[in-house]
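Residue numbers (this note's numbering): 25 to 98.
Quick caveat, the hints were computed from the structure, so don't treat them as lab data. Some hints could be false.
[What the hints assert, rightly or not] SDA-like mimics (lysine to any residue), calculated; alpha carbons at most 20 Å apart, straight line:
#1 K41 <-> T57
#2 K41 <-> H72
#3 K41 <-> Y96
#4 K41 <-> T69
#5 K41 <-> R71
#6 K41 <-> G31
#7 K41 <-> D61
#8 K41 <-> V76
#9 K41 <-> H53
#10 K41 <-> E59
#11 K41 <-> V75
#12 K41 <-> V65
#13 K41 <-> Q70
#14 K41 <-> G93
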Amino acid sequence: MNPQTAGIRLCQPADIKAVTAIYAHHVIHGSGTFELDPPSVQDMTQRHANVVQLGLPWLVACRGEEVLGFAYAG
25 MNPQTAGIRL CQPADIKAVT AIYAHHVIHG SGTFELDPPS VQDMTQRHAN VVQLGLPWLV
85 ACRGEEVLGF AYAG
């Protein structure tokens with residue numbers, strides 16, 4: 025993917041650390057979740073595995089290798 029172009033692709037295990045950081049920011053500073061404490065990388069890895077095991081998509085928005093956001097079906 026061109027480093028200047030944003031795109032959407034399937035989340036890979038290497039993306040989970042960035043996904044966790046993005047989500048943690050919103051747990052701490054936002055109101056879009058009922059969680060009080062940000063989940064760990066291990067927790068997010070398990071959540072990702074559960075979604076993928078169901079055959080559902082977990083996507084990341086990225087620019088080059090930088091993960092900008094994520095979305096998944098549940």
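Comparing the hints with the structure gives:
1. K41 <-> T57: Holds: K41 and T57 sit about 19 Å apart, inside 20 Å.
2. K41 <-> H72: holds (12 Å)
3. K41 <-> Y96: Between K41 and Y96 the Cα gap is close to 16 Å, so the pair holds against 20 Å.
4. K41 <-> T69: Measuring from Cα to Cα gives roughly 9 Å; hence the hint holds.
5. K41 <-> R71: This hinted pair holds, its Cα atoms lying about 13 Å apart.
6. K41 <-> G31: holds (19 Å)
7. K41 <-> D61: With a Cα-Cα distance of about 16 Å, the restraint between K41 and D61 holds, given a limit of 20 Å.
8. K41 <-> V76: holds (17 Å)
9. K41 <-> H53: holds (18 Å)
10. K41 <-> E59: holds (18 Å)
11. K41 <-> V75: holds (17 Å)
12. K41 <-> V65: It holds: about 6 Å lies between the C-alpha atoms, which stays within 20 Å.
13. K41 <-> Q70: Status holds; Cα separation ~12 Å.
14. K41 <-> G93: Holds. K41 to G93 sits at ~12 Å (cutoff 20 Å).
Of the numbered hints given earlier, the model fails none.
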